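Spelled out from the first residue to the last, the chains are:
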Amino acid sequence: MTAACLPHLNVERIGPAGRETVVLVHGIATDNLTSYYFTVAPALAAAGYSVMMYDQRGHGRSERPPTGYRLEHFTQDLAALLDRPDITGPVHLVGNSFGGTVALDFALCHPDRIASVLVVESEPPTDAWAAKMSGLLAGSAHRLRDERTLPWIERTYGRHEARLVRWATPLLHGTTIAEDIAASRIPAEERWRDLEVPVCAVYGEYSDLAAMAPRLERLLPDCRTRQVAGHGHSVLVGTPHTVGPLMLDWVGTGHRAKAART
Amino acid sequence: MTTTPAPRADEAAVLTELTEALHHVLPEIGFEDTPVTMDTRFVEDLDLESIDLVTLTGELGRRYGGHVDFPGFFASLELPEIIGLTVGQVVRYIAGRLR
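If you read the sequences in order, they're chains A and B.
Sequential numbering of the first sequence, starting at 1, is according to the UniProt record's numbering.
Sequential numbering of the second sequence, starting at 1, is according to the UniProt record's numbering.
Hints are computed from structural coordinates only; laboratory data are not their basis.
Given the structure is predicted, the values throughout are model-derived calculations rather than measurements.
Any given hint might turn out to be false.
To be verified - To give an idea of the interface, some chain A residues facing chain B are shown, with a C-beta separation under 10 Å as derived from the structure:
#1 T39
#2 G60
#3 T156
Said to hold, decoys possible - Here are the simulated distance ranges between beta carbons:
#4 H142/A / R99/B: 52 to 62 Å
#5 R97/B / A131/A: 50 to 60 Å
#6 E32/B / R191/A: 47 to 57 Å
#7 I29/B / R224/A: 42 to 52 Å
#8 E78/B / H110/A: 32 to 42 Å
#9 H110/A / R97/B: 33 to 43 Å
Even glycine gets a Cβ: it sits at the ideal position worked out from N, Cα and C.
My request is simple: use the sequences and hints to build the entire structure.
Take a look at the structure:
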């Protein structure tokens with residue numbers, strides 16, 4: 001895909017310009033940059049970081065092309081954003097859920113452009129990940145064609161959860177995202193063993209993904225993991241007062257200086 | 001139904017500016033059937049998406065410049081409060097910062 005084919009992306013910048021940059025990448029379908037804007041982003045900006053958030057293609061107020069949702073398309077979008085002249089030096093990448101998968105994929109493709117990666121409730125892209133994600137997206141799209149689904153979500157999970165799903169419906173029904181995720185380019189596993197980028201991975205205690213922590217520590221040469229007690233997958237939005245300080249600690253531990261020296 | 005007292009003169013001016021900003025940044029959303037008052041809830045009544053709130057306050061930030069700090073404003077609110085945010089809360093915040 002050429003630069004001319006890249007969709008328009010909605011970007012929000014807060015915090016001082018020209019400073020150490022933290023780029024925040026959100027999750028898939030029911031997510032957008034507000035997961036950061038309304039939670040941890042203001043604290044990062046107040047601590048003096050230049051914070052960049054964006055709506056990934058198909059999400060929020062970014063363009064929603066009918067096709068082009070393989071993982072590598074999302075990674076290319078991030079690369080294009082970091083080509084901006086006002087982004088100087090290696091950046092810290094933070095990814096939530098699917099956004100963490102994009103961040104890890106980007107780290108593998110462009111290790112020289114980042115100082116560190118922090119992922120929240122994420123897993124690296126594998127064939128099993130692509131099949132699972134595609135199935136979840138296709139299943140959601142199928143269920144949403146039944147008019148009883150949204151009222152059921154509202155009764156079961158609450159009005160706001162139903163609202164999030166309603167906002168995600170044009171992406172699920174109007175694009176090829178489920179098929180495209182299944183067709184994503186998946187990196188060979190041995191490449192992860194050479195990734196010389198420090199990675200911190202955060203999981204909720206009750207999340208299905210919590211078992212990923214020891215696997216990621218074994219796979220990546222420089223990886224530490226943290227567990228947030230008493231929470232499931234939604235740790236970013238559910239516990240910003242825990243995850244925010246954890247992010248500040250992580251980006252403040254000198255990764256950028258080390259990256260600049262190498 | 002709760003009714004907020006009529007906005008003070010400076011709040012009335014901010015309400016007018018906010019309404020204009022809403023129409024400017026979100027022209028695709030029809031507000032004709034729902035008059036924008038101090039009690040209007042952005043998400044529940046106007047059916048704004050949460051991302052639209054960021055777009056709107058970004059526009060207000062451009063209009064009011066350094067007087068307002070919307071990331072800081074949102075940082076003081078929990079997510080359920082943001083979902084239930086009213087026009088009056090934003091108007092009073094801006095008017096307070098202008099005094």
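Structure-based check of each hint:
1. T39: At about 7 Å, which falls below the 10 Å cut-off, the nearest Cβ of chain B leaves the hint on T39/A intact, so it holds.
2. G60: 4 Å, holds
3. T156: Since chain B brings no Cβ nearer than about 18 Å to T156/A, farther than 10 Å, the hint is violated.
4. H142/A / R99/B: 52 to 62 Å: 54 Å, holds
5. R97/B / A131/A: 50 to 60 Å: Once the Cβ atoms are compared, 51 Å apart, the range 50 to 60 Å for A131/A and R97/B holds.
6. E32/B / R191/A: 47 to 57 Å: Since the Cβ atoms of E32/B and R191/A sit about 55 Å apart, the hinted range of 47 to 57 Å holds.
7. I29/B / R224/A: 42 to 52 Å: 45 Å, holds
8. E78/B / H110/A: 32 to 42 Å: Holds, since E78/B and H110/A (Cβ atoms, about 36 Å apart) stay within the stated range.
9. H110/A / R97/B: 33 to 43 Å: 41 Å, holds
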